[in-house]
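All chains should be built: construct the whole structure from the sequences, respecting the hints.
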Amino acid sequence: SAVISQKPSRDICQRGTSLTIQCQVDSQVTMMFWYRQQPGQSLTLIATANQGSEATYESGFVIDKFPISRPNLTFSTLTVSNMSPEDSSIYLCSVTPWGAQYGYTFGSGTRLTVV
Amino acid sequence: SQKIEQNSEALNIQEGKTATLTCNYTNYSPAYLQWYRQDPGRGPVFLLLIRENEKEKRKERLKVTFDTTLKQSLFHITASQPADSATYLCALDNFNKFYFGSGTKLNVKP
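Sequences listed follow chains A and B, in order. When you line the first sequence up against my numbering, it's residues 1 to 115, in that order. When you line the second sequence up against my numbering, it's residues 1 to 110, in that order.
One should not assume that every hint holds.
[Claimed, not checked] Footprint (simulated), chain A over chain B, 3 or more residues, beta carbon under 8 Å:
#1 32 to 43
#2 88 to 100
[Said to hold, decoys possible] Computed beta-carbon distance windows for the label pairs:
#3 67(B) x 71(A): 38 to 46 Å
#4 82(A) x 9(B): 46 to 54 Å
#5 10(B) x 65(A): 32 to 40 Å
#6 76(B) x 41(A): 38 to 46 Å
Honestly, the hints are just simulated from the structure, not real lab data. Values in this document were obtained by computation on a predicted structure and should not be read as measured data. Cβ coordinates follow ideal geometry from the N, Cα and C atoms, glycine included.
Structure, rendered in structure tokens:
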């Protein structure tokens, strides 16, 4: 299966600032997915990042708040902009090297605390 | 509205017993349903996939059933071990994206 390197693993940020999370995959993948997992909650899909096109955002998530880059088939970044304490969460990237029906591979996550 | 429901209460069982976890969904028509394991501080790890035309799938000590009439999947771990203690998530596909339940925490006591 694919191996995902996600960083930073954790960060504590001041409100009003931005944090960029990086996700590097050891193989080329068409789509990369960004999820958020709030404490005790399920994973919520933020957006799908395709190389060479704009990311597709889920309802409730907007590009101005969560801009995504996908410069090539092995790398993506998610920025959490103008942070507030409500953005405190775990952010995870994931890929499906052989298609969604064969399971997602997840990064280890970025634990973000906004103070 | 669309919902994926898993029992939010932890399931506590004795080592050697069979653990059964439930995933119910509404207003989805998934072609696939997946189960994941998540340990604290880690991303979910894929365990099993079952297709809508499959009633049951097995992998070692794991068994998954999928009833599209009841809109329910059951996840069984037989001969459970303390190392099986984790949170288990189900996920459904909807137009090639997967949406997750909130997970059920399993505690296997020695």
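The hints, checked one at a time:
1. Note: the segment 32 to 43 of chain B has 6 residues with beta-carbon separation from chain A under 8 Å; the three-residue rule is met and the coverage holds.
2. Closer than 8 Å: that is the beta-carbon criterion, and the segment 88 to 100 of chain B has 8 residues meeting it against chain A, so the requirement of 3 holds.
3. Taking the beta carbon of each, residue 67(B) and residue 71(A) are about 44 Å apart, inside 38 to 46 Å as hinted.
4. Take residue 82(A) and residue 9(B): their Cβ atoms lie about 37 Å apart, and the range 46 to 54 Å is violated.
5. Between residue 10(B) and residue 65(A) the C-beta distance comes to about 34 Å, which sits within the given range of 32 to 40 Å.
6. Between residue 76(B) and residue 41(A) the beta carbons are some 25 Å apart, a value that contradicts the proposed interval 38 to 46 Å.
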